[in-house]
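Visitor: Listed here are the chains, written in short residue letters.
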Amino acid sequence: MSEIKFSTEAESLIQNILKRYPNDRKKSVLIPALHIAQAEFDGWLSVPVMDKVAEMLELKPIEVYEVASFYTMFNLNPVGKCVIEVCRTSSCWLRGANDIVAYIEKKLNIKNGETTKDGKFTLRTVECLGSCGTAPMLQIGEKFHENLTFEKVDEILNTHQNLEKHCTYLDATTFRKN
Amino acid sequence: MGRKILLEHINVPGINSYDVYRSKGGYASVEKAIKTMKPEDITEEVKKSGLRGRGGAGFPTGMKWSFLAKPEGKPRYLVCNADESEPGTFKDRYLMEHIPHILIEGMITSSYALGVNTAYIYIRGEYFYLVRILEKAIAEAYANGWLGKNILGSDFNLDLYVHPGAGAYICGEETALLESLEGKRGNPRIKPPFPAVAGLYGCPTVVNNVETIATVGPIVNMGGDEYAKIGVGRSTGTKLISASGHIKKPGVYEIEMGVTVEDFIYSDEYCGGILNDKKLKAVVAGGSSVPILPAHLILNTANGEKRLMTYESLSDGGFATGTMLGSGGFIVMDESTNIVKNLFTFTRFYRHESCGQCSPCREGTAWMEKILAKILGGKGEEKDVDLLWDVQRRIEGNTICPLGDAAAWPVASAIRHFRNEFEDFVRNPANQQDIKYYFHCNNIDSAAAYSSI
Ligand SMILES: Cc1cc2nc3c(=O)[nH]c(=O)nc-3n(C[C@H](O)[C@H](O)[C@H](O)COP(=O)(O)O)c2cc1C
Ligand code: FES
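For the record, the sequence lines run as chains Y and D.
End of the first sequence = 178 in the numbering used here, gap-free, step of one.
End of the second sequence = 631 in the numbering used here, gap-free, step of one.
Treat the hints as calculated values from the structure; they're not laboratory data.
A quick note: this is a predicted structure, and the numbers were derived from the prediction, not measured.
C-beta atoms are modelled at their ideal positions from N, C-alpha and C, and glycine is treated no differently.
Worth double-checking, as some hints may not be accurate.
What the hints assert, rightly or not - The calculated label-pair distances, taken between Cβ atoms and stated as ranges, are:
| hint | chain 1 | residue 1 | chain 2 | residue 2 | range |
| --- | --- | --- | --- | --- | --- |
| 1 | D | 556 | Y | 15 | 53 to 61 Å |
| 2 | D | 198 | Y | 77 | 40 to 48 Å |
| 3 | D | 368 | Y | 109 | 46 to 54 Å |
Looking at chain Y on its own, in the form it has when it is part of the complex (with noise of 0.2 Å):
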């Protein structure tokens, strides 16, 4: 079998969100299983992460396949240590967006779906966050960045320069105890 394996503490979590749908409903855990499982394995999803995933469940792999493929939120590819999100809908695009994506585009050296070479950032477009009174908007993990501007922009890439752990959307501390 595989030898991808689960800390104990997010197989703890998986169990516990497990007993919020009923016991012949198991399949409803998947999609926070798949987050539960980016955010373990270094923020995307390969395919053996995601055989354990449906070995856990009792899931076919095609299952699982077929749902990470389709949500945006689950990366198929490898990511850099800070994935950098940039609103683009019309909100964002009419407070300047754009010009947001091409000042990172220019310090990062890099082109928007890209990851930098040492790892550290990945870059890329995404549509409306519900953040549109506060645009132009990114997110990073589960922290929204609003109201942007160049020195903001300047102080993130700062702040998220040298990280030990990817950025995740979410970690032990996000869901109650049932």
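Position chain D with the ligands relative to chain Y; hints supplied.
Guide: Showing chain D with the ligands alone in chain Y's frame:
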């Protein structure tokens, strides 16, 4: 100052915590409901209130509740739609961040009304920081006896859970949401059966928006008749409007239905006027899906009456000269805005978010994006504008869910009201600095993923 129902206590320090919320009369509707009302009385009050779904479609909530099937031996579910992904809309986020307990209170009172013992809040994955906030608030509600077994000593039990999505606008469509909650791709289901008969896990289910559910508490407290006194005609009560774009004070405003659009844009109580005192050019009044209107038609109807922030007034004139209240995502554009470029951001959005089930939507959104990219890239021809019109016309009404319509309407309305701008663009391709981002940045490279299997 207009009357505030949902945001009455928004400025009270600590209102996001249980203790402060409770001290301001929080959870009173649960007490009133369980101790003094039968479940069907609550549905009756909601009917009287005239409350209409705040997620976008404006369907009467009381009527929706009365359709809920009640077969013996099957559980019923209440699912709160916190997917909030319609561009321009951020009011649910605001409510959940600042007054999470108002949603939880509404979920409990509504569940009691519907005979529901397990309820879920389906929230878009990008809002994980809100999952944290809601989980904390739910834990407080359990600790204080508002959730769990035998609530207030009655025989009513309720468990409430938060369930995160993972980035998909389509999961805001209620049947796609239910698919997603079942751990599947967010492909909308063919209706009927409606969720009221066969929803989550094949059981009768009510899906309501965050704001709709949050309003149930105040309605139970004040009575449906009292709530219905606020507003104009069939647009009763208050509505949260997410205001963004070229205005002095973007943000979430609670308005009494019936405020004039002009007041909403220009008065200091709301948007405070156009940024840098420029001229108003156009407004998308109800989230990206609704028709865009030029300044003269958003401020006044075609008959010259002042347009009001109500379901009826905004749709006055149909799609020829009107629009829709939708989700209340109010995007304002000043005179400098290039309508074609703005449209491109919407069309790219719908192409990205189409689930791919129906050919007219999957192919049509991609085709429209391509035509617009061609125009923006300076390679457009006059016949492309007609082609664009033709493609959008063939999407509308030909898909399982309304995402296809939602993608077509912005295109149709932009051409209807601003055709000259498309033609100008084609004739003298303008400054094109914004177009380089049209290339897909799809973080899902499925081909690469599957080639490694
Ligand atoms: C493509 C699409 C996206 C939608 N997104 C949302 C959403 O993010 N939030 C929401 O409450 N309703 C959304 N809706 C509407 C829901 O299908 C449904 O009508 C609503 O949740 C019902 O709740 P309400 O009656 O309280 O408004 C969407 C509909 C479509 C077709
Ligand atoms: S348009 Fe960028 S957050 Fe809504």
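Visitor: For each hint, tell me whether it holds in the structure or not.
Guide: The hints, checked one at a time:
1. D:556 to Y:15: 53 to 61 Å: Distance hint for residue 556 (chain D), residue 15 (chain Y) holds at roughly 57 Å.
2. D:198 to Y:77: 40 to 48 Å: Taking Cβ atoms as reference, residue 198 (chain D) and residue 77 (chain Y) lie about 45 Å apart, which means the hint holds.
3. D:368 to Y:109: 46 to 54 Å: At 49 Å between Cβs, range holds.
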